[in-house]
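Using the sequences and the hints given, assemble the complete structure.
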Amino acid sequence: GAVVSQHPSRVICKSGTSVKIECRSLDFQATTMFWYRQFPKQSLMLMATSNEGSKATYEQGVEKDKFLINHASLTLSTLTVTSAHPEDSSFYICSVLLSQTYEQYFGPGTRLTVT
Amino acid sequence: AQSVTQPDIHITVSEGASLELRCNYSYGATPYLFWYVQSPGQGLQLLLKYFSGDTLVQGIKGFEAEFKRSQSSFNLRKPSVHWSDAAEYFCALNSGNTPLVFGKGTRLSVIA
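Chains as they are written, first to last, in the working numbering: chain A, 70 to 184; chain B, 87 to 198.
Note that these hints are calculated values from the structure, not bench results. Treat the hints loosely; a few may be bogus.
To be verified - Mimicking DMTMM-like on lysine to aspartate or glutamate, the simulated pairs with C-alpha atoms at most 20 Å apart in a straight line are: (1) A:K110 <-> B:D171; (2) B:K135 <-> B:E150; (3) A:K83 <-> A:D157; (4) B:K154 <-> B:D171; (5) A:K110 <-> B:E150; (6) B:K190 <-> A:D134; (7) B:K147 <-> B:E106; (8) B:K190 <-> B:E174; (9) A:K133 <-> A:E172; (10) B:K190 <-> B:E101; (11) B:K147 <-> B:E174; (12) B:K147 <-> A:D157; (13) B:K135 <-> A:E91; (14) A:K110 <-> B:D94; (15) B:K147 <-> B:E101; (16) A:K83 <-> A:D96; (17) A:K89 <-> A:D134; (18) A:K133 <-> A:D157.
Note that this is a predicted model, so its numbers are computed, not measured.
The following block contains the structure:
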């Protein structure tokens, strides 16, 4: 399978600031990555589909101007939470799609806490 | 609409006992089905997948799952549970190169 990293693993920021989360595919070139959000003791909710070289596709209810996604290379996608608020505190997880096998491999997640 | 149902929120089993985690799905055709495991504060690890062919699929860590079209189910099994299997388990589906649709998860506790 693919090895996926995320950075940072944990971040605490003040309300109103912006935070960037990186998702890297370490051993595979990924045309497509996905960003999910997970609240405590809940399942994963898809936020957006990140396509290399094109605009991300956001799910209904996800503000594209608040959650900026950039997929500038085949190994890196970034999620920037702009003007963060306490309700944005969550666990953010990315995944890499292996298009040949349809498997998705997940990063270890980023715990965001907004104070 | 696609959906995945995991009827059991929490299951407790004794170490060494067998395990079955239930998963039912709703989908227009035959979906691609997956089981993932998540330890606290971690990402998800792929246990196994079903795309087509043999309906009994083997995965990592001694897990297997059986696809039953007539019951729209894809239950996960393990003959003998180890304490290290305690985690959250997610069943998921997609139609190939599409995002995964997840069930709500089943938390597995293992007691001595």
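Results of checking the hints against the structure:
Restraint check for A:K110 and B:D171: satisfied, since their Cα atoms lie roughly 18 Å apart, inside the 20 Å limit. The hinted pair formed by B:K135 and B:E150 meets the criterion: a straight-line CA distance of about 9 Å does not exceed 20 Å. Using a Cα cut-off of 20 Å, the hinted pair A:K83 and A:D157 holds, with the two alpha carbons roughly 11 Å apart. A hinted pair counts as satisfied when its Cα atoms are at most 20 Å apart, and B:K154 with B:D171 does not qualify at roughly 24 Å.
Using a Cα cut-off of 20 Å, the hinted pair A:K110 and B:E150 is violated, with the two alpha carbons roughly 25 Å apart. For a cut-off of 20 Å, the pair hint linking B:K190 to A:D134 is broken: about 28 Å separates their Cα positions. Distance restraint check for B:K147 and B:E106: the Cα-Cα separation of roughly 14 Å lies within the 20 Å cut-off, and the hinted pair is therefore satisfied. A C-alpha spacing of about 10 Å is found between B:K190 and B:E174, which places the hinted pair at or below 20 Å, so the restraint holds.
Note on A:K133 and A:E172: the hinted pairing is violated, with a Cα-Cα distance of about 26 Å set against a maximum of 20 Å. Taking the CA atoms of B:K190 and B:E101, the gap is about 24 Å. The hint is violated against a cut of 20 Å. Distance check on the hinted pair: B:K147 and B:E174 sit about 15 Å apart at the alpha-carbon level, within 20 Å; holds. Using a Cα cut-off of 20 Å, the hinted pair B:K147 and A:D157 is violated, with the two alpha carbons roughly 35 Å apart.
Under the criterion of a C-alpha separation no larger than 20 Å, the hint pairing B:K135 with A:E91 is inconsistent with the structure, at around 27 Å. Between the alpha carbons of A:K110 and B:D94 the distance comes to roughly 14 Å, so the proposed pair stays at or under 20 Å and holds. With a C-alpha separation of about 15 Å, the suggested pair B:K147 and B:E101 falls inside the 20 Å cut-off, and the hint holds. With a C-alpha separation of about 34 Å, the suggested pair A:K83 and A:D96 falls outside the 20 Å cut-off, and the hint is violated.
Restraint check for A:K89 and A:D134: the C-alpha separation of about 14 Å stays at or below 20 Å, so the hint holds. Of the pairs offered as hints, the one joining A:K133 and A:D157 holds, with about 14 Å between alpha carbons and a cut-off of 20 Å not exceeded.
Of the hints listed earlier, those the structure fails to meet are numbers 4, 5, 6, 9, 10, 12, 13, 16, in rising order.
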